[in-house]
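Asker: Sequence:
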Amino acid sequence: MITVLLLLSGAALTWPTRWASRRLRSLLGHRRRPLELPKPNTVVVGVASAVVGGLALGIGGAVAGGLVGSVTLRRWRSRRAVQDRVRALSDLAETLRSLVGELRAGAHPVVAAESVAVDAPPVGAQALRAIAAAARLGGDVESAVQEPLLVDTVHAWALAQRHGLPLADLLAAVVRDLDQRARFARQVQARMAGPRASATILAVLPAVGVGLGEVMGARPLHILSSTTAGQIMLVLGVGLVCAGVAWSARLTRQAVLP
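With the UniProt record's numbering, the residue at position 138 of the sequence shown is 138, and numbering never jumps.
Just so you know, the hints here were simulated from the structure itself, not pulled from any lab data. None of these values were measured; they are calculated from a predicted model. Backbone N, C-alpha and C fix where the C-beta goes; we use that ideal spot for every residue, glycine too. One or more of the hints may lead you astray.
[Unchecked claim] Beta-carbon label-pair distances, calculated as ranges:
1) L251 <-> L159: 35 to 41 Å
2) A56 <-> R176: 34 to 40 Å
3) D140 <-> Q187: 32 to 38 Å
4) V51 <-> G138: 55 to 61 Å
5) L202 <-> D119: 45 to 51 Å
6) H108 <-> D179: 24 to 30 Å
Could you build all of it, start to finish, from the sequences and the hints given here?
Answerer: In structure tokens, the structure reads:
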């Protein structure tokens, strides 16, 4: 007991202050995210999963089904977001490559940007139109585009405006960087297939165990659906599995995200 009290006292003494926490967040670049309401699709999937689980396994099944549906949808969205970001990198690189070709052919930067934006993918087209409009009106190009993916592109354009540097060479360097980032992200994504598969297998193993119990005649589904202890164990077990799936998905996403 004395040891526990001493450990708690030491933890309280070493607990970071508010100033230290703010300084650490500023160094790590973490920002407090605003509270976001769940999307309608998430609510629909969660409710549908809860209804199916409730019909099969009672109240505990409803809670467990809602958790499984929500976590599954969230994981699918997370993987799709990573794929969309990698695709956006490739599309932006291709757009800037076309812009570099126009510039080296002698076109004016604003005219070249507007021309390339006509056939460019959405990310590159919006950026080029905003940059061209700001440059044509003599405005600040860096404030015209706030998309994090386009920071290097905007900085290259601003450097060319302020210091007279060749815009084609600057954008060519940005293209090489984008190509390298997209290539690296694809390689890491392929290497993360093994850990993702392992996490999926570990998440499915409890359900396999329940199925084997039913085959052996132990009737685990009856215990989980018809007893108070079984309902509690069902919710706790599914909650722990969902927490593990969400955590593994977060780790692999941070490793892959370019």
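Asker: If you test the structure against every hint from before, which numbers come out violated?
Answerer: 2
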